[in-house]
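For reference, the chains in residue letters:
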Amino acid sequence: MRVKIKTPDPKKAADRLKGLIDSSFVSQVNSEVVGEIKRLIRSGQSPVSGFGRFPQYKDRKEYPADRKSATPVNLTLSGKMLAQYGAHLISKTILGIGYDQNTDSHLEGQIIGNNEGTKGIPTRRFIPLSGESFTVSVMIKLKDLYAKRISQLFS
Amino acid sequence: MKVIKNTTTKGETSASIDLFEGLDLPKKVRDQVSEEVGQYLVEQTLMDVNDSKSPVEGYGSFPALTSKEYKAKKKLEVGSTKPDLQLSGETLNEFSFKVTSEGIKIGVFGDRAPVADGHNNLSGKSELPLRRFIPGEGENYSSNVQREVERIIADTLAENEVIEAKDLADVNSKGALYDILGDRLGLSSRSEIRLAVFRNQDLLDLLREEDLIDYI
Chain L
42 MRVKIKTPDP KKAADRLKGL IDSSFVSQVN SEVVGEIKRL IRSGQSPVSG
92 FGRFPQYKDR KEYPADRKSA TPVNLTLSGK MLAQYGAHLI SKTILGIGYD
142 QNTDSHLEGQ IIGNNEGTKG IPTRRFIPLS GESFTVSVMI KLKDLYAKRI
192 SQLFS
Chain F
13 MKVIKNTTTK GETSASIDLF EGLDLPKKVR DQVSEEVGQY LVEQTLMDVN
63 DSKSPVEGYG SFPALTSKEY KAKKKLEVGS TKPDLQLSGE TLNEFSFKVT
113 SEGIKIGVFG DRAPVADGHN NLSGKSELPL RRFIPGEGEN YSSNVQREVE
163 RIIADTLAEN EVIEAKDLAD VNSKGALYDI LGDRLGLSSR SEIRLAVFRN
213 QDLLDLLREE DLIDYI
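Residue numbers (this note's numbering), protein chains in the order written: chain L, 42 to 196; chain F, 13 to 228.
The shape of chain L in the complex, shown without the other chains (with noise of 0.2 Å):
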C-alpha cells in the first residue's frame, strides 16, 4: 500500500512526513492491524484478500492426529511461526508487516510453505505476495492508523 499525499508545499509536506513511521506507530500497528490479521488466522481465515478460509486437512487422522483441534485450520501447533508474525519499520516512511531479518531462520521452510504452498501442503497465504492486499478487516484498521497519523502531523 502506497500512500500518496498532494500538497501546495511539497516540501513543508515532506518534512512533516519523515516522521511518519516511528517506533511508537509500529506499536500500534502490531497491537492494532497484526493483531487483527492473527484473529483472522486464528479463526481459519487468510488475511489476504481473495484467498478466503484456509483449505481443510486433508487427513485429519494422519494431522493433525491428536496433536492439536482439526478445526479451525489455523497455522498453530507451537505458536513460533505467528509469534514472530509482526510490524517492523523499515524506514521512516516505509512499514513492513509479516517476518524481518530478525526471524529464526529455522522457520523460514515453513512460512514459505504455508504461505505459497510445497509438496503435499496446500497454499494457506498469510502474507500478501507482490500485488496481493490484504483483506478489508485489516485494511481498514491500516487505513484508519495512517488517517490519524497524517492528521496528527498535519494539525
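Since the hints were made in silico from the structure, they are not lab data. One should not assume that every hint holds.
Stated by the list, open to error - In silico DSS-like cross-links for lysine-lysine, where the CA-CA straight-line distance does not exceed 30 Å:
| hint | chain 1 | residue 1 | chain 2 | residue 2 |
| --- | --- | --- | --- | --- |
| 1 | L | K79 | F | K94 |
| 2 | F | K94 | L | K102 |
| 3 | L | K121 | L | K102 |
| 4 | F | K94 | L | K109 |
| 5 | F | K87 | L | K121 |
| 6 | F | K87 | L | K99 |
| 7 | L | K184 | L | K59 |
| 8 | L | K189 | F | K178 |
| 9 | L | K79 | L | K189 |
| 10 | F | K110 | L | K184 |
| 11 | F | K110 | L | K99 |
| 12 | F | K83 | L | K79 |
| 13 | L | K99 | F | K22 |
| 14 | L | K109 | F | K83 |
| 15 | F | K83 | L | K102 |
| 16 | F | K83 | F | K40 |
| 17 | F | K178 | L | K102 |
| 18 | F | K178 | L | K79 |
| 19 | F | K80 | L | K99 |
| 20 | F | K87 | L | K109 |
| 21 | F | K65 | L | K109 |
| 22 | F | K94 | F | K22 |
| 23 | F | K83 | L | K184 |
| 24 | L | K121 | L | K52 |
| 25 | F | K80 | F | K137 |
| 26 | F | K94 | L | K184 |
| 27 | F | K65 | F | K80 |
| 28 | L | K102 | F | K110 |
| 29 | L | K99 | F | K83 |
| 30 | L | K53 | F | K186 |
| 31 | L | K99 | F | K85 |
Keep in mind it's a predicted model, so treat the numbers as computed, not measured.
Fit chain F to the supplied structure of chain L, relying on the hints for placement.
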C-alpha cells in the same frame, strides 16, 4: 444498515440487508459498497464464531455443548469441545454473501443451509441451542461492526466523488461543512467525518481547492 428479510430453504439460510436506505447512488458505487461490506461481515462473523460468540447484538457468547453424545463425538473427531460450530467445518465453508439490489444477502448457501438454520433458528422450527451468527429481521450487528460498516460506506462514497465543488459553494462555516459532509458520507460524528476526509486524497484536494481545509 437494516436486516429486511430472512430466507430459510433447503439451499439457503440468509439475511437480506439494506445498505442504502435513503441514499441515491449509482449502481457502480452500490456494487463496490456491497462487495466491501459483504467481505467485511463474512470475516467478522467467522472470527466471532471462532471465539464462540455471536456477531449479532444482544446474543453474547454461544451456549456450551450440552449433548453428551455430541460432545464426545466432537472431542474424538476434532479434539475440542468448544461451541464454535465446527465439526467438519463444512457449514462455515459455505458461509458467504451475494450482492443484491438493496445491498447484500449474507448466510449459508448450499447443502449445509438447513444445518445453519438449526443453529440460527430463523425459521422458528429449530430445537437446538440458539447460536445466532446470521441476524434476524430487525436485528443489528454488534455496535463496533456497525461502526466499521459505516466507515466502509463513507470511504467508498468519498472515493467515488459523491461530493463536488458545487455542493460546497455556499459553505461559510465549520458547522455547514460538517453538515454537508456528514449527509453525503452517511456519518454523524465529527471525528468520523474528519478521519474519512484524511483517508481520501480526492476529498482532501477538493477541500483545499475550495479553501475549506481549515474547517476540518
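So, going through the hints one by one against the coordinates:
1. Among the hinted pairs, K79(L) with K94(F) is consistent with the structure: their alpha-carbon atoms are about 19 Å apart, no more than 30 Å.
2. Distance check on the hinted pair: K94(F) and K102(L) sit about 20 Å apart at the alpha-carbon level, within 30 Å; holds.
3. Using a Cα cut-off of 30 Å, the hinted pair K121(L) and K102(L) holds, with the two alpha carbons roughly 23 Å apart.
4. Of the supplied pair hints, the one linking K94(F) and K109(L) holds, its CA atoms being roughly 13 Å apart against a limit of 30 Å.
5. At most 30 Å may separate the alpha-carbon atoms for a hinted pair to count; K87(F) and K121(L) meet this at roughly 25 Å.
6. The straight-line distance between the Cα atoms of K87(F) and K99(L) is roughly 19 Å, inside the 30 Å bound, and the hint therefore holds.
7. Only pairs whose Cα atoms come within 30 Å are accepted, and K184(L) paired with K59(L) is accepted, the gap being roughly 18 Å.
8. This hinted pair checks out: K189(L) and K178(F) have alpha carbons roughly 28 Å apart, not beyond 30 Å.
9. Restraint check for K79(L) and K189(L): the C-alpha separation of about 23 Å stays at or below 30 Å, so the hint holds.
10. The hinted pair formed by K110(F) and K184(L) meets the criterion: a straight-line CA distance of about 25 Å does not exceed 30 Å.
11. Note on K110(F) and K99(L): the hinted pairing holds, with a Cα-Cα distance of about 29 Å set against a maximum of 30 Å.
12. The hinted pair formed by K83(F) and K79(L) meets the criterion: a straight-line CA distance of about 28 Å does not exceed 30 Å.
13. Of the pairs offered as hints, the one joining K99(L) and K22(F) holds, with about 27 Å between alpha carbons and a cut-off of 30 Å not exceeded.
14. Proposed proximity of K109(L) and K83(F) is supported: the alpha carbons are some 17 Å apart, at most 30 Å.
15. For the given pair, K83(F) sits about 19 Å from K102(L) by alpha-carbon distance, which is consistent with the 30 Å threshold.
16. Between the alpha carbons of K83(F) and K40(F) the distance comes to roughly 48 Å, so the proposed pair goes past 30 Å and is violated.
17. The suggested pairing of K178(F) with K102(L) is violated, with an alpha-carbon distance near 66 Å, which exceeds 30 Å.
18. For the hint pairing K178(F) with K79(L), the CA-to-CA distance comes to about 45 Å; that exceeds 30 Å, so the pair is violated.
19. This hinted pair checks out: K80(F) and K99(L) have alpha carbons roughly 28 Å apart, not beyond 30 Å.
20. Restraint check for K87(F) and K109(L): satisfied, since their Cα atoms lie roughly 11 Å apart, inside the 30 Å limit.
21. Restraint check for K65(F) and K109(L): satisfied, since their Cα atoms lie roughly 22 Å apart, inside the 30 Å limit.
22. Distance restraint check for K94(F) and K22(F): the Cα-Cα separation of roughly 27 Å lies within the 30 Å cut-off, and the hinted pair is therefore satisfied.
23. Of the pairs offered as hints, the one joining K83(F) and K184(L) is violated, with about 42 Å between alpha carbons and a cut-off of 30 Å exceeded.
24. Proximity of K121(L) to K52(L) is assessed by CA-CA distance (about 44 Å); at most 30 Å being required, the pair is judged violated.
25. A distance of roughly 23 Å separates the Cα atoms of K80(F) and K137(F); the hinted pair therefore holds under the 30 Å criterion.
26. Using a Cα cut-off of 30 Å, the hinted pair K94(F) and K184(L) is violated, with the two alpha carbons roughly 34 Å apart.
27. For a cut-off of 30 Å, the pair hint linking K65(F) to K80(F) stands: about 21 Å separates their Cα positions.
28. Taking the CA atoms of K102(L) and K110(F), the gap is about 35 Å. The hint is violated against a cut of 30 Å.
29. Distance restraint check for K99(L) and K83(F): the Cα-Cα separation of roughly 23 Å lies within the 30 Å cut-off, and the hinted pair is therefore satisfied.
30. For the hint pairing K53(L) with K186(F), the CA-to-CA distance comes to about 25 Å; that is within 30 Å, so the pair holds.
31. About 19 Å separates the Cα atoms of K99(L) and K85(F), which keeps this hinted pair within 30 Å; it holds.
Consistency note: the structure conflicts with the earlier hints numbered 16, 17, 18, 23, 24, 26, 28.
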